[in-house]
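Protein chains in written order, with my numbering: chain Y, 661 to 809; chain V, 661 to 809.
A portion of the hints provided could be inaccurate.
Chain copies aren't distinguished; within one or between two, either way the pair holds.
As the list claims (entries may be wrong) - Derived EDC-like pairs (lysine to aspartate or glutamate); straight-line CA-CA distance at most 20 Å: (1) Lys761 x Asp700; (2) Lys785 x Asp747; (3) Lys761 x Glu702; (4) Lys666 x Asp711.
Think of the hints as simulated: they come from the structure by calculation, not from any bench.
Computed from a predicted model, the values in this text were never measured in an experiment.
2 protein chains.
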Amino acid sequence: MTPSFKTPSDDKSVLEEGTDISPRFDAMGLITAVVADSRDNEILMLAHMNDEALRLTIDTGIAHYWSRSRSALWKKGETSGNLQMVDEIRFDCDQDAVLLKVRVSGSDATCHTGRRSCFYRKVVKTDGETRLETDSAPLFDPKSVYTDH
Amino acid sequence: MTPSFKTPSDDKSVLEEGTDISPRFDAMGLITAVVADSRDNEILMLAHMNDEALRLTIDTGIAHYWSRSRSALWKKGETSGNLQMVDEIRFDCDQDAVLLKVRVSGSDATCHTGRRSCFYRKVVKTDGETRLETDSAPLFDPKSVYTDH
């Protein structure tokens, strides 16, 4: 089991250049996690982790998060089968965010809408209007997977 | 000037599948921004945007954020010269996060420590110990650039 994390140092150089894992959890006890595909760096989703989710992710090599909507520990993919196997975990300079490089099992989809990435809409400007345009299709039918959504 | 954004719909399908930009700003008036390099998808940093920063980014094509530490609008790179030219802006499913694909000018460094990415440390397990290991070097000397840090 991963030992408890260190308390973040007040010394900025220790926090930014040190080897200790000392996550700066926010007032809700969370840090932000960016999730990218190991194969091509495609950014798949953004989520949050509490202390337990971060430790479980490090220990098991399978991504765990904290679901803010359900206020519960969340083993991503437990329902859909699209588990995230973690190849690498990186911390940012001030240790309030992590980057996970993962391989997604199941249907290779991360978004609950069935798409590979949650970032499936881009900002476009047409005829003086700024709007969103979807440029990827679902890989699975969410209705057939999630019965409680 | 980009018109004001729409109020997020209570209808999940409109929020997730619609073409309206309706950011779900949090209690602090912020959404999260993930920033990746257009060239190779390298994840460079994580930051936050308020309404004004998001509009300025869409309008000017140069990344603007809200600095939570300084409580001020932040045109990234204004001091260091490492401006971020925005090639693409993507919204996630529930519109509380954006992904920016950018080209970084100046010394091609995004982190205030002088490194290309803020995620310059990875989690390693050695001799039963879990710690951080730095695997990239600064591209510029922060001391020569930031006089107020």
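Unmet hints by their number, sorted upward, for this structure: none
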